[in-house]
Structures are given as structure tokens and as C-alpha cells.
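Undergrad: Residue-level listing of the chains:
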Amino acid sequence: MQKVFYIYFILLFLTACRGREVEIPLVFEGERLVLWGKLEAGEPARVQVMKTFPAVGPVPEQNAVNNATVSLYKDGLLYSLLSSLDTNGLYGSDSLIVAGESYVVKVEAPGLTTAESEEVTVPASLPEYTYTRQRDAEPERNFAGSPYQDRISLRFTGNIHRTYLTLGFLAYYEEHNWPFNWPAMDNIVANEEDCHTWSSFYELPYGRLFMMNGDCIPVNAPLSFFVVTGNGSRLADGSWGYERARKVTMQLACSTKEWFLYNQMEYKQPEGLDHLALPPQKAYTNVKNGYGIVYGYHAQEIELH
Amino acid sequence: MRRFLLVFFWACSLHASAQQFTVSGQVRDRESGELLPGVSVADSISGSGTITNTYGFFSLTFARKVPVLKFSYAGYTPYYFQPENDQPLDIRLSKGITLEEVVVHARQTLPGHPLSLPVSEIRNMPVLLGEADVLKAFSFTPGVSTGGEGSAGLYVRGGSPDQNLILLDDAPVYNAMHLGGFFSVFNPASLKSAVLYKGAFPARYGGRLSSVIDLTMKEGNNRKFGGEIGLGLLNQSLTLEGPLVKEKASFIVSGRVSTLGITPLLTRKRHPGAVGEDYIYKFHDFNAKLNFQLSKTDHIYLSFYNGFDRFKYDEWSKTTTKEVSTAVGNNWGNNTGTLRYSKMLSPRWFSKAILIYSDYTSQFTNDFSDEGEAFYRYSDTRITDIGGKIQFDYFPGRWGEMRIGAEATRHRFSPFNMTTNYAAKTGRDAPLLKASEVSLFAEADIRLSPGLTVSAGGRYTEYKAGEAVFRNPEPRLGVTWSFAGYWKFYTAYTVMNQYLHLLVNNGYGFGYDAWLPATGKIPPSRARQFSLGVSRKLDRSGIELGLEAYHKRMTNRIDYPDGTNFTGMLADSWENIVKSGGAGRSSGLELMAERNSGKLRGRFSYTLARSELRFEEINNGQWYPMKYDRRHNLNASASWTFNPKWSVNGTFIFQTGHAVTLPVGAVFYNGSTKYIYDDRNNGRMPDFHKLDMGVTRYGTLWKKYTTKLGFGLYNVYNRANPLYLDFKTKHENGEQSLVIQQYSLFPVLPFINYTVQF
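Note that the protein sequences, when read in sequence, are chains A and B. Numbered according to my numbering, the first sequence terminates at residue 305, and the numbering increases by one at each position without gaps. Numbered according to my numbering, the second sequence terminates at residue 758, and the numbering increases by one at each position without gaps.
Looking at chain A on its own, in the form it has when it is part of the complex (with noise of 0.2 Å):
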């Protein structure tokens, strides 16, 4: 009896969950211009423009848009035209970022709707904190097999009511730089459903960022984070071993609102079998007329001691 069962419920199994390209019509609601744009305290502006393309058949083979006119505007009056710095979409600024300050950015092209973002206000400073790091502190996960983990924990000193802090970790190796981090088991924010997310693009150097939602840290509580310092690799005299990290960098960043809930809700668009329990999220974005985000960003990158 039992192998009647065993071959009946792998028949189950294997026939289960069959999947087949289907054609439902869906609306296209006619192409639009996506803004993706980063506001960053001290450096110029940098804007890519894109276009939407129907969500069935094929992807167009260009979808940046380079003959934009993109304008940045300071307080209601134009601040400055971003130049075309690729054929990707990129636009540039000349004018340098001012933190504090509050921006809009228009994008007009031809054949597309007129796109503006919101008003977006750059963070005027970084929130006072102190760390501490715990070299070669007792491993809670195994991450890349390495015995070699620093904890970091970072306390927060002052008052972070409605920041929204983003973080990151660079180990650096003598042929490269590792970006790694990820939160303690104890960490209050990172168990926290809402009060946390991933950057939503892994973006060089610093890969994939940890965000949080400063009404979620307590004050002077520490929020720790590990941190690999040993790299499994061929030594110079032959042998298997570790290498130790050089160095290890932080980058903290205060981001708009805007910027955390973009990314919160890009993290929680289902993909594969999601589709089954969660449903989709409407867009996100702070563009009218278009989609994508534009956000204001104050980074401060230190080494750690």
C-alpha cells in the first residue's frame, strides 16, 4: 500500500504546478517617461530618463531617452538644465547639490508627456551616533563560510524622528572590496517588518543597502550589524587560509521619505510563486505624469576603527 502512495503522490508532485505561456490582453496605457533621479548633498544632479513599453511582447531596444530636456528646479526657479552625459538616459548637472535645499525636477520630450517630479528636500545633515566594533566577534550565521566576522554596532545619539537612514559595509581585500553586511540577530530594526528594507538596485561599491525607518531605533540602543573580514582564498605562499581585511568602510546616508518607501515597496512586489498569496503593489513614485523617483540622499562614508 505504502508504494501505491509513494508513486501516486510523486505523480502528484510532478504534474503539480504546471506552468504555460498564456495571452491575456492587458491595457497599455501608452508610453510614459520614468524618472529615475538621485539628489545628493555636494555632488551635481543625476538624472536617467526612460520610457514605459507594453508589459507583454518584446522589450524595445531602446528604451533611454536622449533628447530630453531636463531642468532642475530651486525653490521655483530653474536651478539648472541637465546635460545628456550618455546614451542611456543620463542626465547631468553642472550646479553642485546644496543639503537643505528643496528641488523639483521637469523632464520634457518630445512625443511623451511632460513628467515633474515632486518637491524633493535634500537632508541637511547626518544624525549624531556613535559605533563600536567588535573584531572577530562570535559568529552568529555562517556567512561565506568565514570564521572571520566583525560585529559593528552603531548607537544613535541624537534625536532621528523621521530620518530615513540607509547603511553599508565595504571590506577591503588586496585584489578587491567586498561589499557585505547584514543585521544581527538582535538587531530591532531588521526584525521589524515595517521598519526596514533593501535597497531596491545594488549599486557599486556599496551593493545592496540596509534602509530604516529612524522612528523605529530607539535612542542609544545599539543596532548591530556583521560584517566579513576574512576572505577564503589562496595565500601568497601557496596554502588555503584567510585573507584579512585591510580595511572595513561605512556609508550612512540620511535619504528623503520618498526614497525608503520606494524601495519598501519594489522589495515587496511579488515575483514567481509570490504571485500566488500576494498581490501586486501600485507603483510607487513621486512623478507626476510618470513614474520612477526622484530622492534626496547626504551620504557620509567612514573608515571603521
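Keep in mind the hints are simulated off the structure, nothing from the lab. A few of these clues could be false.
Calculated lysine-lysine pairs in the BS3-like style (CA-CA distance at most 25 Å, straight line) [stated by the list, open to error]:
id, chain 1, residue 1, chain 2, residue 2
1, B, 674, A, 288
2, B, 704, A, 282
3, A, 74, A, 106
4, A, 257, A, 268
5, A, 268, B, 579
6, A, 282, B, 674
7, A, 282, B, 579
8, B, 674, B, 599
9, A, 38, B, 674
10, B, 674, A, 268
11, A, 257, B, 579
12, B, 312, B, 282
13, B, 627, A, 282
14, A, 268, B, 730
15, A, 268, B, 728
16, B, 645, B, 95
17, B, 674, A, 257
18, B, 704, B, 224
Following the hints, position chain B against chain A.
TA: Same frame as chain A, but now just chain B:
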């Protein structure tokens, strides 16, 4: 309310004083002694009469001599009897030798009549791999649909599954699903009756917006010991019943265990160098009932239910030196208990008093182990009810019946608790919440003329949760007019309030369900429903046709903002995050044809419906379709009995695809395609349709025991029904294109099951 009670008692006294003849009693199964609810008791000449209540009790009053009464019930030989005195009757019906006469004449005398499915019919309807299921059987009736492939969650007239009041021996069951919704927790072998109300709710029911499913467990054979063994692909069952004191007291115990407990056999052995994934799923349910007939007029019942499901997904890797595993799990289960005492106070008065206990828990587990070190984090949610109910049924005369009673429930909610051995207990437990619900109800079915019946009633509830107090009257009114012997028009208007909200955190078909009380910030939901119908009986063919239209409006519905995962937030203030004040509207036209006699029996139903929701903060405040809004829903079930040994049965279902949010565009950025979603539920899944066929062979084992062998095919024509859609990028000939991939669950599958009754 006080005025209503005065009128009620005045009417009682007025009619009790008239010179009339009353006949009352109980109706039982001859072989088992089980009391039979829903038996038609009628004047054999005029056809007018009543039906027995849940306790098999009836009372009829006649102006002159008591006529010959006809007792008829589905599957039983009709019985004729003329009472000669006013002593309580103890009528015993024999199971029908032929299957011709199954008329349940009186069941349609009330407006928007409840739908009572004979358990024998439910048990012959193969709904998932040959397994019978009471909730799935109801989904073959108009106005009722299910979520998707295999799902037993019922969506009644635009309501959601949490808006169904499911009562098992009067105790509410908060999660009626096994196997992630594939079939219900109710073991058909332990059930005696199943009744569904989806409109024209009697005032004795309240607390949910969309439907009442009233299930009664068997009492057990009080004449001889017996039982049943069931062997199926999804579960195995055993039922035992028998007399404790012959003809006075009996018991029944029934249990099921899942066959899927066998899944560990299919998982990989954990030898060094291996990695793998294990899925472990198992469930059990257990029913027990004792009943004692203290005297001809007094009866006491004690019933109990326990059921639990466990699901675990484990990812692991093993080397020669260590083993690492990460597992997530979801467990859930119900316990209910009911103590009931019923008494025939007089030939015209029947009373019952009930004590109820119900408990539901849902748990999420997360285990992590590495080199012998184990970490865990378990969170759970629970609701516990303790309550009581008292009801008096009065049968004043030929002109109608009355019921009056009171009900009180104390709810205790534990929305979020966490246990962990993490270095710091990072979650916060939510405080316990308590709420109380006290209701008074009165209802009367008044026959103004032989063809015209008015059902009027009211329910008044005082609900208290913390500082918040809600007092809600709920009027219920219905009118039925029958004429020419075959035609019947009926209409009804009802108001229902729901004082509990369900938050569902879905994940792969399994969920973390938290029941929470209505509060000052999140007030009770309310539904007002109007229905109008007509039915026609075709006596010669035994076919009955019905057409009913309804319109329902709901207020104070809740939902969550896009992307909310509330397990963590329950520890804080879920009231601040949940979106309340939602409106719902649902309307439809239901058509049904059924034949309950002859060799060919079946039911055909078609529903044309629309159900929508609106929240200020969702979908820009615009109306959007409910997920399981299905424009067309067609169901057919039929069985053909060739001879006493062989029968064939089949079910067919067609449903418009459910609403789904589809992308309105895409954008390519940072090496990948991102889909852009806008309006909620702006598209439709492909249509759902499926045919199941089965053959049943009745026989005997060792010439002593009755057997039933069932076999057949699930999804006969191998329809790939949609389970979910995925959006993918396809790379072909150096070009990329976006495609929609549809995933389906079950192809054509054979099934077999075997039952032995002893």
C-alpha cells in the same frame, strides 16, 4: 424591543386559549435512533405543515380533528400516521428501499429558504480526489463560489470567508480549512445535517455579514454498535458509534488523519554532501459526541471537536562536519465544545439551553540551526470564546411558529505573542483584548393565509470592547406567497452586523490569521441585503426551478494598505494601520434547477454577479472588483443510479476568472525589467472550468458489512486551470520579450477510495 416582547407574549396567550388540537413529538431514524432535523410533517391531504427542528422536534395545531400526517425525508420511506391523543409522538422513519420519494415539501415555505443538503448527497459528491466535503458541496449552489483550484473557502454573495458564520453544534469554528484551504475540517462521517443561509437570515443567527452554515453532528446509534472505516488518498478515517444505554444514551467518535503525513518518505536523506528541501504537512481532526435522553421530553448532549494542521518547509545542507537548516512553518487548529440541554415544555413549547466553548490558534514558526546550535522564533495568535444561548420555540397554532431567546459570548483575543531564544526578545507581545457580545432575538413565521407567510423578527446586540460600546438593532423581514400549488414568490430584507475582523497574512496558500475585535476606531461591519425570488415546482418530472435576485451593501469593511505585512505591527497598534470605513456592494441573479428524486438526480446553478469594494485610501478612492468577483458562475452536479450496486456521479464547474492586478506597463532599468501596476484588480485571470467523474460500487464484505468503493477522474479533460500568473522575460534568438506564464495545480488525476460500514 420591550414593545415587541409584549406583542409576542400577547399573541402567545391569545392563541393558546383557543380550542385547538395540537400534535407534537420527535422524529428519528428507525435503525440508529438519531433524531432527524428537517423532516417534513404535513397534513397528507392539504400538504400544509412544518419541518422538524435541529432536535427532530415538531408541533402542529389543527382547528378540528388531527388529520393523517405524512412524515417524509430525503432517503427515507414516507410514513403516514393519525395521532389519537395529545401524547408526544416518537416517530421512526426507515431508510427508503427505493430512492423515489424524497420530497421535502415544507422546506420552501420560508422566504429565501435555507439550503439544506442531505449529508448522503454530500458524501456522494467527489470534490477533490474523491474526498467528499461539506463546504465544497455548498459551492455547487447558486451565489456561492470558491477561491480557486481545490479551495474550500466560500465566497457567498460577494462576502469573504471570514463573513461566514460556521457553527458546529452551535459553536463557531473560526478556521474551517485543512490543507491550506483544499478541504474543510468537517468530517462528513460525523455530520448529521448541513444547512446554509445566505439571505433572509433568521433572527436567531447573527454576528456575520454573508452567510450562516449550521452543521449538526450525529448523535450516535443508540440501538447497536457500529462504525465506519474510510480509506482515501488524502486522509484515512475511523468512526465508532453505539449505545451507552440502549435507546437512552449513545456516543459517536470520529477521527481523520492526513495521508500527506507520508511526505517525509519523499524527502531526501540527509547524508554528507547533500542539500535539500523538505515539505512536511499533516493534519488530524477528531469529533466526539455523547447524548443522553433523560426522559421523553428531556435530552442532554455533549459534543467536542479538535483539529490541527502542521506545515513545515525546511531548507538544509549537510557536510561531513556540520548540518545547517532553516525552517519556516505554519500551524493552526480549532477546539470547540458544546453542552446542550433540550426540553419539550409542552406540546407547543420547546426549549434549549446551550453552553459553548471555541478556541482557534494560528502559529508561525521560524527555526534555524547551525552546528548543533538552534535558534527559534515562534509567534502565535489566538481567539477564545465562552458563551451561552437559550431559546424557546413556540408553536401557537396553524398560523405559525415563534422563537425567542438570548445569546451571550465573551471573546478573548491574543493577537500576537512571541517566544524566542534569540539574544534579545526583539518582538513585542500585543496585550490581550476582551470583548463581549449580548444579543436578544425574537422571530415569528406568521401564516396570514394558506399561501401567504410573513417572517418577521429582530435581533438586538450590545457589543462592548474596552471603552467602545455598540448597540445595534437588526430587523429581519420576509414574505412568501405561494399560489396555484406550484409557484412561490418570496422576498426578504435583512441587516447583519459583524463584530470581529479577520486580518490574513497570506503566504503560499497558508496564512497567519488574526481575529480582532471591532473597536472604537475600527467599528463593526454592517450589511443590508434585499432579495427577491420565485420558484416553480414541476411535480411530474420532480424538478424544481428557482430564480432569485439580491442586492447587498456593506459598510465599515476593513483592508490593509498596499504591501502591509502585519505580524510585527500587531504588537503595536493594528488599528492605526488597517484601513477601515470601506464600502462594499454586491448584486446578482441566481438560477437553480434541481431534481431530488428518480434515478437521475442533480442540481444545476448559474449566478450572474458583481461585487466591488471602495476605500478612501486604496485605488484612489475608486470602486474596484473584489478578488473573487466572478461575473459568471455555473455549477452542475448529477448522479445516475443504475441499480442498488452501481451509480455514476459527476460535477462540472465554470467560473469567470477572478480579478487580478495586471501591469499597465514595464520599464527596463539597472539590468532588469520592472513592471508597473496601477489600479487594483484591473484584470481577470483566465476562466476556470473542470469536470470530475466518479463511479461508486456498493457492496458487502463477508456478507456482513456494507462497503462503498469509489473511483474516478479528477479534471477529466485535463484543463490547465490558473492558479497564479507570473511575468517573465524570455530570451530567444538574442532578443528579449515579456511573457505571461500561467501556473496550474492539478492535471487529470485518478482517484480511489474505499469505505466499510460495520
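Undergrad: Which of the listed hints are broken here?
TA: Numbers 2 and 8 - these are the hints that the structure violates, sorted from lowest upward.
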